[in-house]
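Participant: Protein chains in written order, with my numbering: chain A, 1 to 161; chain B, 1 to 161; chain C, 1 to 161; chain D, 1 to 161; chain E, 1 to 161; chain F, 1 to 161.
Be careful, since some hints might not be right.
Since the list gives no way to pick one copy over another, a pair counts as held whenever it fits inside one copy or between any two copies.
Claimed, not checked - Simulated crosslink set (DSBU-like; lysine-lysine; CA at most 35 Å straight-line): (1) K154 <-> K6; (2) K154 <-> K24; (3) K24 <-> K71; (4) K71 <-> K6; (5) K71 <-> K154.
For the record, the hints were derived by calculation from the structure and aren't laboratory data.
6 protein chains.
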Amino acid sequence: MSDQEKLTHFDSDGNAIMVDISTKSVTSRTAVAAGEITMNRQAFEMVRSGSMAKGDVLGVARLAGIMAAKKVDELIPLTHPLLIDSVTVDFSFDPERCAVIIEASVTISGRTGVEMEALTAVSLAALTIYDMCKAVDKGMEIGAIRLLSKTGGKSGAFRRE
Amino acid sequence: MSDQEKLTHFDSDGNAIMVDISTKSVTSRTAVAAGEITMNRQAFEMVRSGSMAKGDVLGVARLAGIMAAKKVDELIPLTHPLLIDSVTVDFSFDPERCAVIIEASVTISGRTGVEMEALTAVSLAALTIYDMCKAVDKGMEIGAIRLLSKTGGKSGAFRRE
Amino acid sequence: MSDQEKLTHFDSDGNAIMVDISTKSVTSRTAVAAGEITMNRQAFEMVRSGSMAKGDVLGVARLAGIMAAKKVDELIPLTHPLLIDSVTVDFSFDPERCAVIIEASVTISGRTGVEMEALTAVSLAALTIYDMCKAVDKGMEIGAIRLLSKTGGKSGAFRRE
Amino acid sequence: MSDQEKLTHFDSDGNAIMVDISTKSVTSRTAVAAGEITMNRQAFEMVRSGSMAKGDVLGVARLAGIMAAKKVDELIPLTHPLLIDSVTVDFSFDPERCAVIIEASVTISGRTGVEMEALTAVSLAALTIYDMCKAVDKGMEIGAIRLLSKTGGKSGAFRRE
Amino acid sequence: MSDQEKLTHFDSDGNAIMVDISTKSVTSRTAVAAGEITMNRQAFEMVRSGSMAKGDVLGVARLAGIMAAKKVDELIPLTHPLLIDSVTVDFSFDPERCAVIIEASVTISGRTGVEMEALTAVSLAALTIYDMCKAVDKGMEIGAIRLLSKTGGKSGAFRRE
Amino acid sequence: MSDQEKLTHFDSDGNAIMVDISTKSVTSRTAVAAGEITMNRQAFEMVRSGSMAKGDVLGVARLAGIMAAKKVDELIPLTHPLLIDSVTVDFSFDPERCAVIIEASVTISGRTGVEMEALTAVSLAALTIYDMCKAVDKGMEIGAIRLLSKTGGKSGAFRRE
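Isolated chain A (complex conformation):
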């Protein structure tokens, strides 16, 4: 089994550790993640028209996503505290499937990657949309949360096919 293929968050006895990143170099790193939340037609139209009229669901969800990216080290036990350089959270719409598509991008100049920050921003943005629309639709579903791309760091670039 190659080094690459071990569960790096455990030592040789299987005990959880925060991996030592002190010998990794400080490089510019980015990660882009995406996800979606599907809902019924009524909720979807409310969200889509929201910023104009009755309440900006996506404005609130965007902030929740950005703020969550800053809290990853509190939320995911073995992650490192990081000094994130930027976060953006964007939304687009798939009207056929009544889906709101969420994409988050995070950059850092640091010793470890920001995949978890991007994925967590997407997740909390989706959960916040759920929270704000649940009076209208309790059957919403959050899915397709995945890493789209990653640059920087020794393991090289990743791009989802």
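Based on these hints, arrange chains B, C, D, E and F on the given structure of chain A.
Facilitator: Chains B, C, D, E and F alone, transformed into the frame defined by chain A:
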């Protein structure tokens, strides 16, 4: 449009508010949510065998889920602080699809429901699995995060069909 | 000196304590606080027109205020953790003085008042406006942060004259 | 409109973003902010004499201010996590106006300024004084919260006139 | 093995859970814990004389202890969020052993006990003393952290002999 | 009195400050701390056999320790926010005294040491063991929390004799 069908987190001018729950009654409430994370065969086998040998991925993810349920009011902007009475996070396996199934259950005796707590527990458990397995598989996908059931409160029981 | 007139957060030796509220009754309590931030004309016009065009400064500030009300027990050392029932943060404009007026209202059914929650919501809303406008005006000033009214609890209603 | 004069926390569509600071250089930066809280004579004398006798209000407020400076990235949505190098919070008295003057100074070696940290330290110190004196005076007012000076960074030094 | 004698934080499969307290009754509960930190003579004299002259180590440590009691549900994974009614942290001196004795008392009207809150207050007060004195003595030792007494709740009173 | 021998967390007037570390150099630093918790035979055997059968007390305690190391700047008032590079928490057993021995190691590349992070990890691991075993033994005692060694930084290496 019925009362039930408005976006309750906004006032009549479209401004975000934390909804007033002071007139809602304190009742026993539960929520059960589920989700899954799919991964490649190698990562899946590592997770499934983990608690016996090389590192208990699901033990860490369970704690992350439970702890996240306690932080919902910090993470989702318009939610209320709550005194959760219990949280459980359980895992099962779908070997054909290499999927880890996550189910979280939350109970409270309070003035508002705990859907967001259950959904957030599932999401953070999934993100933690992602974090711990990402050295082996960067192509994992988190999905099917949804409310399975809900009891208690004026809006009555909900059960996903 | 009456009981009312002591600094209640210290014991008889002058040591800081978290006051015992266990014998106070659970009643419905409200607090309303206000404040303002004054800025130059350019910044003021940007904030006032913001929700329509270039960025909703007040939407962000409102969320910051609401979320801060939930964190008071972490921020002000001797306060009690509370289960807030509602928070609203509203803005109005004084064009002559280029002032944004902030008003926050908090309600609870609990053993102690929510003045600090309302005042903290106002303060963080103001600081967030400062943060978002500081590229345009570094000379802004936050002021007039005060309690407007308070109901519920043994000490009776308070209304600022 | 110059670059300097835009609301930098929004993208060109008016969506909130955490500004990318990855290309800004790491320099030594300082910020000094001030504010005040005015109260009635009785409360003022208690605060002023406090450290000697009945309870050190300002000692508690100073810690609250210092600790708040470390939490700015949790409190103000679009700020960056920062590694602050030092914080001081000092108090002086204006007996004529029964005002406690608060001044906070923050330094960092980093990619972005610490104005918000200094302003937040002042604000939370003032709110803590309010909390501790509110049994004696509910009519206190917090004001004059402003940036006094700022050094370091591309935008150059700022000194309030 | 009696019910009392199981590790209650695990289900029958050995998975960690947050225990369900929804059927426990709300009663008045107290817990008192103690601990100590021993240091060299020089550090001890500085701490003991501190509040008068060069810096109030114990005033800072007291606040750290009180604030930590409010954060137990974030720090200890399977604990419940609680609405603490009061916390006190007191210090005394054993000059012969150069020990600072710490005692914390916590009360609540709630569904579960506050032992962990009292023990955590003691621990963080001790750690804060360590932090503030470590420039003078790196060999300090924290010990004798234990529950002194506990009242309220079904399991009855406990008093350490 | 040498520079080394002052209480560095206070200014010359005895006011608490967060010490300025901006002129200290970024070096590789480590700290190792230890502690123990003693309990009755029944609890001890449950903890020791736990990972195999009825619940992995030490797995939960290890995570609590690691996560606490990331929260030191929130818990100990005058500490600096830090970017920890690694944390490990290990356990061993002293069956004669029914003691679980805890050892935590923290590394950083930064401007100040990580003693407090290592000591806090040990303390929270111990408190978590207490929490999980308290249904079986309320008389447990946490002790011998001390710094074992420290490297890096101007004050040089420390090794407890």
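Participant: Take the hints in turn and mark each one as holding or not.
Facilitator: A quick look at each hint next to the structure:
1. In this assembly of identical chains, K154 and K6 lie within 35 Å of each other by CA distance solely inside one copy; the values are 16 Å within and 37 Å between copies.
2. Both within a single protomer and between protomers do K154 and K24 lie at most 35 Å apart by alpha-carbon distance, with minima of 8 Å and 24 Å respectively.
3. Both within a single protomer and between protomers do K24 and K71 lie at most 35 Å apart by alpha-carbon distance, with minima of 22 Å and 23 Å respectively.
4. Taking the shortest Cα distances, K71 and K6 sit within 35 Å of each other both inside one copy (26 Å) and across copies (28 Å).
5. Taking CA atoms no more than 35 Å apart as the test, K71 paired with K154 passes in both settings, with 25 Å inside one copy and 28 Å between copies.
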